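Protein chains in written order, with our numbering: chain A, 66 to 334; chain B, 58 to 278.
Just so you know, the hints here were simulated from the structure itself, not pulled from any lab data.
All of these numbers come straight from a predicted model, not from anything done at the bench.
Using N, Cα and C, we set each Cβ at its ideal position, and we do this for glycine too.
Wrong hints could be hidden among the right ones.
Partner residues aside, some chain A positions facing chain B, computed with beta carbon under 8 Å [unchecked claim]:
#1 L179
#2 G183
#3 R184
#4 P201
#5 F276
#6 I280
#7 G284
#8 N285
#9 L286
#10 T290
#11 F298
#12 V299
#13 S303
Listed here are the chains, written in short residue letters.
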Amino acid sequence: MKADTSVRPRTRRPPVLLVVLGAIGLAMFVIPFVGLLARVPWSDLPALLAGDVVTDALRLSVVTSLTATLIAVVVGIPLAWIMARLDFPGRSLVRGLVTLPLVLPPVVGGAALLFALGRRGLVGESLEQATGLLLPFSTWGVVVANTFVAMPFLVITVEGALRNLDQRYEGAAASLGAGRWTVLRRVTLPMIGPSLVAGLVLTWARAFGEFGATITFAGNLQGRTQTLPLAVFVALESDRDTAVALSLVMVVVSLAVLVTLRERWWKAL
Amino acid sequence: MLVSAAASLTDAFAEVESAFEEENRDVDVVLNLGSSSALREQILEGAPADVFASANTSNMDQVADAGELSGEAEIFVTNSLQIAVPTGNPAGVTGLEDFAREELLIGLCVEDVPCGDFGRQALDNAGVTPSIDTNEPDVRALLTKIEAGELDAGITYVTDVLSTSGTVEGLEIPAEVNVVAEYPIATLAGAPNPVTAAAWVEFVLSDEGQAILTSYGFISP
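Make a model of the complete structure from these sequences and hints.
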């Protein structure tokens, strides 16, 4: 048997420089939240959190971010499959378009949505005439803004997983008599499962924190379009304690979801 | 010489600046534009400005209370509110009463910024409970949605409507319910150029300065 050479480091002590730099990196994430926590008016917190601005915004944020995630599943996963499996002209352009909301300032996305889907917009005008549905200043407008900004996370993650998946497994299942639906359900989905869940969580988290596209496209009205991030922004102008309480709610909910799901699912990655 | 002025004065003060520099060729005026509260903070933190022109009296009062003025503040213009509608007024808005119509899309500024506060006061004066569809974070955001035709009406300053150059129409709000914002101006105690600063204030208050300001929709006090 050959001697175990440099595959495993012999020393238990990690390189000091690496640890120091990593700690500085971590501090970048930790310090702002410590600053936030230092400002939390703990004794007034229950009263602040029970206020209707906070409860309305929390309810609206949960409902719209989950709806946006659901829509992303229904149309985003098929899109990812098309991009990963079909060879068609303009595929790199499609991939670029799908990635665009990740790099555009959300305000630009919101303005684009307004010009396209507003009642004077290219599509919005006929949409209103046909269905009576008016997206700006409505809760559906928030869902559309959330979906636009967040869905790329799901499409990109699932597309990557599908491309890395060895198609011979699917082929083997099919040759053993499995129908397409069975192959998808029993082979493809389980194999891309961890990526799918990671993509879903990122999509939800991005939708939950969406601000710029929402306020530009859907406006800001308590109970109808004012999600948690919008409520924080408005409260910062006038009511610092409520703004901090709202921020705390956002941090706690987001962190709880991210940590729990990481423990359960991302280990597999 | 540094003039700290409220953002709503941007276009008007740019023209005042050229006229002033025309008459005082050795002077270079620099405009420092921002929200009145941000400018107030800068002055209180010791930023070396010569003149402060605020969009409301409360910010000027705070600077005066801190002993940062070299004289008395004077009101140099006022700005009143108008109803802003998209060009052509497609919803047929005629007055503040229409803000109660639920089928219209109505926008205001959020309560905590001056245009939102004054707008609500005007509606209150008119006895109208508005059916609001959005509270926009600032007057620019509100104007953008009216310009795009996505809102049927909103309340902004007269000067904001004029600044859009025709994409938004303004409808008068009767004087008895309108709310008037007063703009005070003063030279600062720490002014590096006190003589020029005093000349600027005098110019703004002069007939020539007032003529420029009123051409932008401001009202002489």
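The hints, checked one at a time:
no., hint, in the structure
1, L179, "holds, 6 Å"
2, G183, "holds, 5 Å"
3, R184, "holds, 6 Å"
4, P201, "holds, 5 Å"
5, F276, "violated, 11 Å"
6, I280, "holds, 7 Å"
7, G284, "holds, 3 Å"
8, N285, "holds, 5 Å"
9, L286, "holds, 5 Å"
10, T290, "holds, 7 Å"
11, F298, "holds, 7 Å"
12, V299, "holds, 5 Å"
13, S303, "holds, 4 Å"
The structure fails hint 5 only (numbered hints given earlier).
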